[in-house]
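Protein chains in written order, with my numbering: chain P, 1 to 547; chain V, 1 to 211.
Hint data in this document are derived by calculation from the structure and do not stem from the laboratory. This one's a predicted model, so the numbers in the text were calculated from it and none came from an experiment. Possibly wrong hints are sitting among the right ones.
Taking lysine-lysine pairs in the DSBU-like style, the calculated list, with each CA pair at most 30 Å apart, reads [what the hints assert, rightly or not]:
(1) Lys540(P) <-> Lys199(V)
(2) Lys111(V) <-> Lys186(V)
(3) Lys426(P) <-> Lys152(V)
(4) Lys496(P) <-> Lys44(V)
(5) Lys426(P) <-> Lys199(P)
(6) Lys112(V) <-> Lys45(V)
(7) Lys152(V) <-> Lys67(P)
(8) Lys67(P) <-> Lys186(V)
(9) Lys540(P) <-> Lys44(V)
(10) Lys426(P) <-> Lys45(V)
(11) Lys353(P) <-> Lys540(P)
(12) Lys353(P) <-> Lys40(V)
(13) Lys499(P) <-> Lys20(P)
(14) Lys186(V) <-> Lys289(P)
(15) Lys347(P) <-> Lys111(V)
(16) Lys199(V) <-> Lys499(P)
(17) Lys347(P) <-> Lys44(V)
(18) Lys200(V) <-> Lys186(V)
(19) Lys200(V) <-> Lys129(V)
(20) Lys45(V) <-> Lys125(V)
(21) Lys152(V) <-> Lys112(V)
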Amino acid sequence: MANGTTTVNEKSFYQQSTNKYSGILSWLLTTDHKRIGIMYGVTILFFFLVGVILGVLMRLELMAPGKTIVDAQTYNSLFTLHGVIMIFLFIIPGLPAIFGNFFLPIQIGARDVAFPRLNLLSYYIYVAGALLALLAVILPGGAIDTGWTFYIPYSIRSNTNVSLPLLAAFVLGFSSILTGLNFITTVHRMRAPGMTFFKMPLFVWATYATAWIQIIATPVIGITIVLVILERLFGVGIFDPALGGDPILFQHLFWIYSHPAVYIMILPAMGVVSEIIPTFARRTIFGYKAIAISSLAIAFVGYLVWAHHMFTSGMSDTARWIFSLLTFIVALPSGVKIFNWVATMYKGSIDPKPPFLWVMSFIFLFSIGGLTGLVLGSLATDIHVHDTYFVVAHFHFVMFGGTGTIFFAAIHYWFPKMFGRLYNDKLATLGVLGFFIGFMLLYFPKFIMGYMGMPRRYYDYLPEFASLQLISTIGSWVLAATIFFIVGYLIHALFKGPKAGSNPWGGVTLEWHIQSPPTMENFKEIPKITHEPYDFSQLKEMKNEYS
Amino acid sequence: MSPVPTQHVETVDFVMLYIVGISVILLLGITAVMIYFVFKYNRKKGHQPVDIHGNIWLEIIWIVVPTLLVLSMFYFGYTGFRDYRDIPDNAYVIQATARMWAWEFAYENGKKLDTLYVPQGIPIKLEMKSADVTHSLYIPAFRIKEDVMFGKTTYLGFTAEQVGSYDIACAEYCGLNHSMMYTKVKVLPEVQFNEWLSKKDEPVYPTEMEK
Numbered sequence: 001m002a003n004g005t006t007t008v009n010e011k012s013f014y015q016q017s018t019n020k021y022s023g024i025l026s027w028l029l030t031t032d033h034k035r036i037g038i039m040y041g042v043t044i045l046f047f048f049l050v051g052v053i054l055g056v057l058m059r060l061e062l063m064a065p066g067k068t069i070v071d072a073q074t075y076n077s078l079f080t081l082h083g084v085i086m087i088f089l090f091i092i093p094g095l096p097a098i099f100g101n102f103f104l105p106i107q108i109g110a111r112d113v114a115f116p117r118l119n120l121l122s123y124y125i126y127v128a129g130a131l132l133a134l135l136a137v138i139l140p141g142g143a144i145d146t147g148w149t150f151y152i153p154y155s156i157r158s159n160t161n162v163s164l165p166l167l168a169a170f171v172l173g174f175s176s177i178l179t180g181l182n183f184i185t186t187v188h189r190m191r192a193p194g195m196t197f198f199k200m201p202l203f204v205w206a207t208y209a210t211a212w213i214q215i216i217a218t219p220v221i222g223i224t225i226v227l228v229i230l231e232r233l234f235g236v237g238i239f240d241p242a243l244g245g246d247p248i249l250f251q252h253l254f255w256i257y258s259h260p261a262v263y264i265m266i267l268p269a270m271g272v273v274s275e276i277i278p279t280f281a282r283r284t285i286f287g288y289k290a291i292a293i294s295s296l297a298i299a300f301v302g303y304l305v306w307a308h309h310m311f312t313s314g315m316s317d318t319a320r321w322i323f324s325l326l327t328f329i330v331a332l333p334s335g336v337k338i339f340n341w342v343a344t345m346y347k348g349s350i351d352p353k354p355p356f357l358w359v360m361s362f363i364f365l366f367s368i369g370g371l372t373g374l375v376l377g378s379l380a381t382d383i384h385v386h387d388t389y390f391v392v393a394h395f396h397f398v399m400f401g402g403t404g405t406i407f408f409a410a411i412h413y414w415f416p417k418m419f420g421r422l423y424n425d426k427l428a429t430l431g432v433l434g435f436f437i438g439f440m441l442l443y444f445p446k447f448i449m450g451y452m453g454m455p456r457r458y459y460d461y462l463p464e465f466a467s468l469q470l471i472s473t474i475g476s477w478v479l480a481a482t483i484f485f486i487v488g489y490l491i492h493a494l495f496k497g498p499k500a501g502s503n504p505w506g507g508v509t510l511e512w513h514i515q516s517p518p519t520m521e522n523f524k525e526i527p528k529i530t531h532e533p534y535d536f537s538q539l540k541e542m543k544n545e546y547s
Numbered sequence: 001m002s003p004v005p006t007q008h009v010e011t012v013d014f015v016m017l018y019i020v021g022i023s024v025i026l027l028l029g030i031t032a033v034m035i036y037f038v039f040k041y042n043r044k045k046g047h048q049p050v051d052i053h054g055n056i057w058l059e060i061i062w063i064v065v066p067t068l069l070v071l072s073m074f075y076f077g078y079t080g081f082r083d084y085r086d087i088p089d090n091a092y093v094i095q096a097t098a099r100m101w102a103w104e105f106a107y108e109n110g111k112k113l114d115t116l117y118v119p120q121g122i123p124i125k126l127e128m129k130s131a132d133v134t135h136s137l138y139i140p141a142f143r144i145k146e147d148v149m150f151g152k153t154t155y156l157g158f159t160a161e162q163v164g165s166y167d168i169a170c171a172e173y174c175g176l177n178h179s180m181m182y183t184k185v186k187v188l189p190e191v192q193f194n195e196w197l198s199k200k201d202e203p204v205y206p207t208e209m210e211k
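Isolated chain P (complex conformation) (with noise of 0.2 Å):
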């Protein structure tokens, strides 16, 4: 791979700015593509807890049956909120634009993204589409309560500000696939000499896959959205029943984005894995094209399943068993790459570092989140569970369990070289003990409760849910509690954490050859890439100190 780009001590990309501007300016207005990921970072990790808060909230609801802190309008706009800020303002984001851009451009060998400017720029849409969000909360009128899937006929009906926070996400959307075209450009035009496709490391090419979902999928919700905006102000009848619409179209139209989404979450998440495994084992990645094509598999077999959530939804029992066929085949990639992941474990020489153990945790519930998939897929089970907490705690595991626990490892992973500190291990083991046991604590029960009848999106439940719906507020007090731990000592290392040193794990991608943090432009020369991207023969002749 590289050789000899290193040179240690050079400003870094905090001291050197691209504009003329210093301080805070310097900042915004900036266009290097790891100042971006930063402002990316602090923004959506501010958003993440905020999310974190409301669901805490709405778990204290459900501690106890009957009302505990809210009233039931409170209660629906809490879920609500949780998961439209979840969903389009921490995890379709998340992995992508903080370490999207940070490391996508490094891992190739290039000195930034292929248009710096609309980079920028898609961070402030990012910022607006988020801002009308919050503005929605502030307005007279409510906040929206029709949940995070907008179903017609109810955000017809309802009376909170439903427009703004539809209008937010659309705004979030242009952010979205101008940041799936600034990737996708970057990928095919920006390579350094001798980096071929599958010279590329895994995160590339699943950033890669995602680009392309973003860009494709993302208008779909677009303009569905626009048109749910013009039927509340305008009455078109093009969803509404009552003016001769058809709702099952909102719900064909909603989900041919969303379900993709669900990939745009996930996918990026699988490439820090394919990232971490390799560097903690210190071999080479077992199945390197199966794990490489099996991303554009999931990118491309992810839209031909979106039905899958409309089972019950009164569309024609053709279409479900066509839709539930497609599905099992869609669990076939991603069980391709858990299998490669634990066969890279294979004679390795295995270090379980913090990311290293976040990734063990990530393997165990994403296979729980990705196994329980298999009975929403089947028509007989899924008739019964759908809609109740089985289909919650479900997405919670491979979402929350496999994004979030990612979004983690993924921290813990590049945090020494984002900031050129190191956190403590021992703090850091214990926060991945303890987000796992809050996190089963939490969703698993759900599961439970989900088989034996419990319907989501429930403000009050009947009393053989009790002991369950406990147990799981139990959880979300450890799980929160652990996040904010893990938040503060990480803030902590920051300031006051050892240096780290260019290459700490010993990895081998590109970004363990240049310094922490990196120099504005990354690289002082373009490297010539003659290594396979997990190749640790090359520790050897990188001439980096790691510890």
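For chain P, the structure is supplied; the task is to place chain V on it using the hints.
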């Protein structure tokens, strides 16, 4: 007589057990192998790592075997679904209407009430529509649900084998009192059901809203 409320329950529980059984084996297998590797190939033991780029036979095995497994899951799921959606032509039809936030069930003789009474052992077909937004009629004990919509009639079928009383819930979010749309399905022996149906003095809608 079967000990389950409907035959369909047995089918669904079997499919569930089948999928969960295979899933638990896979999950425990993956987890055990992973943890074993972490101990066996721990860096502290000082092994030289071996670069293994892949193995085409392993890739084929872990594509083909899961494919067969998921196809069998699809098959069981599909047949279980088919059985429940095929409602005999002579099924006893009851009209169900959902509104924010109550149910109403109407019988052929004009009787209407908010609790669903059905005869034991006779196939029932609920013809459902909504007066406002989308709801979903869900009978957890029977393992069935179907959305109820404005402007379109959907249906739900079952044959209750056991006399008893079971919960009906709304499973599609429909606003403020979505969680309070509970009512009951009451299964009566056929003779008693006919007696109940013919009585005009029996409380007509709205009746008791049992929890």
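Cross-check of the supplied hints:
no.	hint	in the structure
1	Lys540(P) <-> Lys199(V)	91 Å, violated
2	Lys111(V) <-> Lys186(V)	15 Å, holds
3	Lys426(P) <-> Lys152(V)	59 Å, violated
4	Lys496(P) <-> Lys44(V)	29 Å, holds
5	Lys426(P) <-> Lys199(P)	35 Å, violated
6	Lys112(V) <-> Lys45(V)	76 Å, violated
7	Lys152(V) <-> Lys67(P)	35 Å, violated
8	Lys67(P) <-> Lys186(V)	29 Å, holds
9	Lys540(P) <-> Lys44(V)	19 Å, holds
10	Lys426(P) <-> Lys45(V)	21 Å, holds
11	Lys353(P) <-> Lys540(P)	21 Å, holds
12	Lys353(P) <-> Lys40(V)	16 Å, holds
13	Lys499(P) <-> Lys20(P)	29 Å, holds
14	Lys186(V) <-> Lys289(P)	58 Å, violated
15	Lys347(P) <-> Lys111(V)	73 Å, violated
16	Lys199(V) <-> Lys499(P)	85 Å, violated
17	Lys347(P) <-> Lys44(V)	13 Å, holds
18	Lys200(V) <-> Lys186(V)	18 Å, holds
19	Lys200(V) <-> Lys129(V)	25 Å, holds
20	Lys45(V) <-> Lys125(V)	67 Å, violated
21	Lys152(V) <-> Lys112(V)	20 Å, holds
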